[in-house]
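Student: Chains as they are written, first to last, in the UniProt record's numbering: chain Y, 1 to 274; chain R, 1 to 374; chain S, 1 to 311.
If you are wondering where the hints come from, they were derived from the structure by calculation, not from laboratory data.
Each hint should be verified, as a subset may be incorrect.
Stated by the list, open to error - DSSO-like mimics (lysine-lysine), calculated; alpha carbons at most 30 Å apart, straight line: (1) Lys287/R to Lys233/Y; (2) Lys69/R to Lys233/Y; (3) Lys233/Y to Lys268/R; (4) Lys233/Y to Lys216/R; (5) Lys144/R to Lys233/Y; (6) Lys101/Y to Lys273/R.
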Amino acid sequence: MSAGTYIRRPNRALQVYAVIFLIVLYVPVLFIPLFSFNDAVHVRFPLKGFTLQWYTELWSRQALWNSLWNSVRVGLVVSVLSTVLGVMAARSITRYRMRGKGPLVGFIMMPLVIPGIIFGVALLVLLSRMGVPLSLYTVGLGHLIICMPFAVATLLPRFEGFDPAMEEASADLGENGWWTFWRVTFPMVMPGIVASLLLTFTISFDEFIMAFFLTGTDPTLPMYIWGQLRFPKEFPSVLAMASLILFISFVLVFIAQWVGRMGLDTEDLGVPDT
Amino acid sequence: MDVLDQLGAVRERKLSRRRFAKGLLAAGVAMTTMPLPARRAMAAEGDQATYFTWGGYDIPELFKPYQAKNGALPNFAIFGGSEEALTKMRGGFVVDVSHPCNQSMPRWVQTGLFQPIDTSRVSNWGDVIPELVDLPGNDAEGGKVWMAPFDWGQTSVTYRTDLFELEGEETWDMLWDARYAGQLGSLASGGDAWWCGAIKAGVDFDDIDSEEAFEKIAAVMREQRPLIRVYTDDTTTLEQALAAGEMVASMTWNSSAVLLQAEGVPVKFAKPKEGALTWVCGVMIHKDAPNLDRAYDVIDSLLSVETGHFMINDWGYGHSNRKSFDAFDEETLAGLGLSTQPVEILQAGHFQQPQTQEWETRMNELFEQIKAGF
Amino acid sequence: MAETSLSKSRTARGAPRAFGARLTRYLRRSETARGYLLMSPTLLIMTIGIVVPFIILLVISMWTRQGFSFDTTLTLANYARAWNEPIYGALLARSFWISGVATVATVALCYPMAYYVAFHVHRNKMMWLILMTLPFWTSYLLRVFAWKVILGYEGVINSGLSAVGLIDAPLAFLLYSPSAVIITLAHAWAAFAILPLYVSLEKIDKSLLEAATDLGDGPVARFLRITLPLSMPGIIAASFLIFIPTTGDYITPALLGGPDGAMIGNLIQVQFGAVNNWPMGATLSIVLMLWIAALALAFLLVTCKVQERIA
């Protein structure tokens, strides 16, 4: 559709605002890589000099790599589990006319409207009453709970926009249930699934508040960083690691853009394709 | 519900579905494969002992003998305070070795979560300073001990010699000096601050659990609160603030002053006329320690001369191994606030005394309230 | 699909055939049952993760601490303390105040940005959205820490101002104050405001705006009569998504708040740490939750009323 003429007119003031907004948004984040190249233990101005020391030191920080690996493992498991459970929930919500659907969705979304500290505390109390030792599994359970709403919220619109006639057609052609799901439903909801995987992985990877209460021997990366905040000597290599993660995620998003662009140059992003 | 609707609606309706899918897929694949190289050198770490300790003690420098023997570092679990550690272990968290301080040891023992140390299995035991072993509560049946002492030091005032105008002797009053309101710092945990408050208030540690002591100490802490810029156990914050001149004096441990001096910041670790607070920390073995042999390796490594050198030289802490002090001359040690006769230092300070759980809870609760301004 | 394979497995498992057949028939008939069956794993996990912990939390909040263990007689003593002792109410009020200001600031600052992308960006909208959310891929802790570097005594702002010659001595009040917490929260949660705002603005039918212009509305009147009311759902969503999690935050106040910036989250956290009074911590958690629920309801009612009046 064509937007109105006057709306097309650029708004100078808003443009300036947008630029300032982005600067303010990015500057604090960019201090992390800036200080990771600074030749001083303490994070403060003025900068001392350029060094790659913290990056080389990174290789010998076994504990740092361990915690990164812990976070990745928890993130992967949580993202896969929450997405699978989210698919089941989204499918049952959209496919069947169920009684009590509204409250049910509300129930799944509850973690969104409860501060993380309360969940952390509640799970800690439960686990310790049951005598379950704290470990990466307990962290994973906590993350699973807070990731569920995001998974369902990402997947629901996908399933809602999905035409059941396709499935019926497949069933009419004699395909069984799982085959239909795999061949017809799954490809159509794929983007939602990928989005959900990414979103939940990111949430779990960065989560601190619940992990604080639920971590056992193996710290996740945010827990490790928290520990290192007290110890200046170790901190620059944490900054170096954070810069690497930052860089990799920036590159990934851009690669994603680039890959997405291939062969699709004719399509305009701004236009709804329904 | 609108919230949900909105969140879900960050949907791809406004961009090409295919393009979005491709992009996300690419990102997804890259995201999940990217960090895998980080797995290097992580084999068989499960067999190592787990050392549950204060953040900052999880460094290879303390475990050279352990590493030489076992080919890897122990696993570390980190706590920010010993109460937090005990809470976690009471919640079912099992480790091999943990790191409490003398004043909480009897309470730790009471929980029944620990086993006495068989000193015959610790090769460095013969060199341990006996005064450090002989602490209240540290005696079990058959000459065994519950806590093997490891590090000791003092809590005192680190101040900027150029910015803090000293009136007379060094004293705890420096942290109550209204001239420097908003430029003073304090450790946040009651385990340090409350005891220092007791010294300032003139409360004898023997009477620290009396009603009167609570009132007196609370009064001085309340008096100090408006002068304090920040309460934190994050030593980096205190050190940076002292280095920047944001604070002119702060309650710290030895290591802060040593680190700042090494950086050329004009600071001094005060010897208050009322006496500093002295603490001894050590290691205890969990009763269900899954790697008992390696647990003893951890202890042996911590008590080794090699580790002791590092502790004294880099952190300015005392070490429990007598021989660790031999490599340093009197002058160096004096500069660090230590001595070739460590016992003298120990005896000159105020030793924290073990208290009941009730006392700990009451003190911490009250101190939290005071810090929050009530 | 799923139901066919399911009925097969039921009968194959050798359960009493008649029962299996009846179950299959029931499942075929009742959509609700089939729906719940498919959803059951999700519901099970959420029940284990939400309902059970909350029941325990509620029970423990009525216990009392006794040395290392709990006195399990049910009592409301903790609630009485939470009500009577001024510290709890004061910290709760301060948390709501800090979160409230941060929420209003975030939504107000992000609204023009979302508006700009929704109405004035025509190419690469996705690029803009990614650009605005990219900073949130970095660790929350490190972003908070970065603000410490900016607001600090020798931080960016202070060294910048003194380099320009505007100040002689660094401004100490920037760090360790409630305002430091507010600034950091507003920055850290911006993505949670932009996305819902953008979606609700994007949804607005542009022809409504055309119509308003045709009827002689100026830009301001047009904004107030059409854009603002129609983007209200986004504003409400953004407010909830920021206000609720931030009230329970304890990292930002712990790192940047100083003695006067402590929030209720810090108090809850110490109950499970140094103070070691789990029942009191549970009580405070529940009190916080009830207050949030009450405030959220009040907020919804007010916005509904306002919206009705506008419409």
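Student: When you check the alpha-carbon spacing of Lys69/R and Lys233/Y, does it fall within 30 Å?
Tutor: This hinted pair holds, its Cα atoms lying about 26 Å apart.
Student: Holds or violated: Lys233/Y with Lys268/R, Cα cutoff 30 Å?
Tutor: holds, 21 Å
Student: Run the distance test for Lys233/Y versus Lys216/R: straight-line Cα separation, threshold 30 Å.
Tutor: Given that 30 Å is the threshold and the Cα spacing comes to 39 Å, the pair is violated.
Student: Compare the distance between the alpha carbons of Lys287/R and Lys233/Y with 30 Å, and conclude whether the hinted pair is satisfied.
Tutor: violated, 34 Å
Student: Quick one, are Lys101/Y and Lys273/R close enough, alpha carbons at most 30 Å?
Tutor: violated, 72 Å
Student: What's the verdict on Lys144/R and Lys233/Y, does the C-alpha distance respect the 30 Å limit or exceed it?
Tutor: Violated. Lys144/R to Lys233/Y sits at ~37 Å, over the 30 Å cutoff.
The structure shown violates the earlier hints numbered 1, 4, 5 and 6.
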